[in-house]
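Numbering (my numbering), first residue to last: 1 to 137.
None of these hints come from the bench; they were simulated from the model. All of these numbers come straight from a predicted model, not from anything done at the bench. Hints are all accurate, no fakes.
Derived DEER-like restraints, expressed as beta-carbon distance ranges:
id	residue 1	residue 2	range
1	R20	D49	34 to 42 Å
2	E88	A46	19 to 27 Å
3	P80	Q30	13 to 21 Å
4	S21	D48	32 to 40 Å
5	S21	R52	30 to 38 Å
6	A115	R86	14 to 22 Å
7	Q35	E88	16 to 24 Å
8	A106	A47	13 to 21 Å
9	G96	D116	33 to 41 Å
10	A47	G111	18 to 26 Å
11	S38	R86	14 to 22 Å
12	R52	D116	31 to 39 Å
Note that the Cβ used here is the ideal one computed from N, Cα and C, for glycine as well.
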Amino acid sequence: MFAAVGATTSAAAAPASDYRSAAAAPAAWQDYARQLQSRFQQRLAAADDGARRFQEDMVKRFEGAAASPLMLIVQVWILPSGKIERIEFDGLDDSGVAVNLRALLAGGDVGAPPADMLQPLHLRLSLRTKDQPGQGE
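Please construct the entire structure, taking both the sequences and the accompanying hints into account.
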């Protein structure tokens, strides 16, 4: 039902002086961010209960409106083991939608990040229904 499109990535740490834009990040960080983006897209498009619950929430959100895609900044903290420790969203209130999305994205192993990667990792996701026109597809 939903796809994450137009996602861009950057890595940042809490101190502003440590911030690295996606373009300035080392290649290994960029590769890892693309891998994480792909995993998130797969989870959003899955046919399991968690994905269906999130998809239904989003259909209700878009119902009756010519809504543009929902843009979110996802901040992700990943343990060296590859387990997601924490996920925060900018652009989404802490409603049931946020709870369902957090549970959906946080499940499972996402692979170990590069040892020197700054965190949290910032991903910009554009969420839209499959019947909404996308950009860059």
